[in-house]
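Heads up: the sequence lines are chains A and B, in that order. The opening residue of the first sequence carries number 1 in the numbering used here; numbering runs sequentially from there. The opening residue of the second sequence carries number 1001 in the numbering used here; numbering runs sequentially from there.
Worth flagging that the hints you see were computed from the coordinates, not collected in a lab. Glycine included, C-beta positions come from ideal geometry on N, C-alpha and C. Mixed in with the good hints there might be a few duds.
Stated by the list, open to error - Chain B regions said to be covered by chain A (calculated; three or more residues, Cβ under 8 Å): (1) 1052-1061; (2) 1092-1102.
Stated by the list, open to error - Far from chain A, some chain B residues (derived; all Cβ distances over 10 Å): (3) His-1021; (4) Glu-1024; (5) Ser-1031; (6) Ala-1110; (7) Arg-1149; (8) Lys-1181; (9) Gly-1219.
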Amino acid sequence: MELFINQVLAGIATGAIYACMALAVVMIYQAIDHLNFAQGEMAMFSTFIAWQLMQWGVPYWWAFLLTLVFSFAGGIAIERLLFKPLAKAPVLTNVAGFIALFAIVNSVAGLTWDFTIKQFPTPFGSSPFLGSQLISTHQAGMIGVTLGLLILLYLFFQFTRIGLAMRAAAALPESARLVGINTSWMIALGWGMAAAIGAIAGILIAPVVFLEPNMMGGVLIYGFAAAVLGGLSSPLGAVVGGFLVGVFENLVGTYIPGVGNELKLPIALALIITVLVLKPAGLFGRPIVKRV
Amino acid sequence: MTAMLNIKDLRAYYGQVQALHGLEFGLNEGSLTTLLGANGAGKTTTLRAICNMVRSTGSIEFDGASLSGRSTESIVRLGIAHVPQGRGTFTTMTVEENLQLGAITRKDKAGVTSDIERMYDHFPVLKERHTQQAGTLSGGEQQMLAVARALMLRPRLMLLDEPSFGLAPLIVRDLFKILGKINREDKVTILVVEQNAQLALELADKAYVIETGRIVMSGSAAEIAGNEDIRKSYLGY
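Chain A with its partners taken away, still in its complex shape (with noise of 0.2 Å):
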């Protein structure tokens, strides 16, 4: 039973990365209906970047924050400069787009950091969480911040004007033009909080996995295995996913025999195929209403 527990919290904590990384995934498919394949590598730069910026010495909440700040106006400026000019492209120039990112970003930050390994610190420290033995307090820390920001991204979403003008820019582009919308923008915006969101994960992940240029690769799929298990149209949907797929994973490579560590990643895939043949708007994607 111990063992159980001890699997489904630390399933739970691995769970919240993966669900950072759906809902930034989330952010931007809702924005132009493609999956962001490089949302892992530009994560990892963002991790970089506050890594560097705590090794000449600025605090470490300092240090997050102005990396959330890169990471926002680096995500406009991706959109801007290469996912503007191929809005009207057809699917597969985005998705060739998306993979030149993907191996852009990857070499960019091999050459400027190198592939070496690299220790990343929590500030939640690692001891055990309120004196228990199943969880840490680090993934403690993982499981909060990706809660606060469900309810932040809720909040936002919900009830401030822009965040209303961003679902109607995603739901219904031409009917949001003609209410007035910069719908254009709203795009942007919505890169801008996917990357910041991502840097986020990277940040947390990264004391866990360590840091790397190669270190996002498996987490990207189980976040999109996460976005897809919830629906990607509900950022709800992406975080319960998320806390789903490390549950499942890790309980999969605990008691069934043969899966151990090496087919957790078949898995997450398995998932992925299983949810989009039984299920395609995943569990949390709302069937739309429609009457004529």
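With the hints as your guide, set chain B onto chain A.
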């Protein structure tokens, strides 16, 4: 009266296909004008050209300033509300959110709140359903919502694309009555594109008839309605 909207030599294109061939007309401030014509005559294209939603050449002036080269959203911000064909309802959002979206460019919070209440007075059914997903409303209710959403902009000019489409005749009458009231009381200049010529002519004070991308007839609504030849050859009733 000076013309609020002045259109000269308007040509519009869908790819290689030309849909408007040198359209000319004007709208006086405070008028209620209808643009009539058969399917494919270019009525919708005309409205879309005003809001720069289709490639066009020629001159469109609003209050003496040219609209060419402006983006759709910046044209809307000048006070031109457009209720598109198919209504453009944000179906996944609530009725109230739809109304708020209509006023998204406005900064006066108190004014927006009181305008929402005003819309609920105009359209009581919207008040009953203000927390419902807009997609669950009936066609007529959605059309009311679309008009209300456009009014939330506090527009000076409102463009309506076939508001009667798919609605029962009784509901169309209600809707047109409200449009007339808005025109008189709120001093909103209105341009209605319609296939239902008979009803539109009862409502409007001025009418233009469009055929294959050109204005072929213009006059007061009463004149056009009273001319049997025009009615038979262009309006089909």
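Hints versus structure:
Under a criterion of three residues with beta carbons nearer than 8 Å to beta carbons of chain A, the stated coverage of the segment 1052-1061 of chain B fails, only 1 such residues being counted. Proximity of the segment 1092-1102 of chain B to chain A, defined as three or more residues with a beta carbon under 8 Å from a beta carbon of that chain, is established by the 6 residues found. Taking the minimum C-beta to C-beta distance to chain A, about 25 Å, the non-interface status of His-1021(B) holds against the 10 Å cut. Its beta-carbon lying about 25 Å from the closest one in chain A, Glu-1024(B) satisfies the requirement of being farther than 10 Å from that chain.
No beta-carbon of chain A is positioned within 10 Å of the beta-carbon of Ser-1031(B); the least distance is around 22 Å. Its beta-carbon lying about 14 Å from the closest one in chain A, Ala-1110(B) satisfies the requirement of being farther than 10 Å from that chain. Not every beta carbon of chain A lies more than 10 Å from that of Arg-1149(B), the smallest distance being close to 7 Å; the non-interface claim is violated. Annotated as non-interface, Lys-1181(B) keeps its C-beta farther than 10 Å from every C-beta of chain A; the closest such distance is 22 Å.
Remark: the non-interface label on Gly-1219(B) is consistent with the geometry, its nearest Cβ contact in chain A lying 30 Å away (cut-off 10 Å).
In this structure, the earlier hints numbered 1 and 7 are contradicted, and the remaining ones agree with it.
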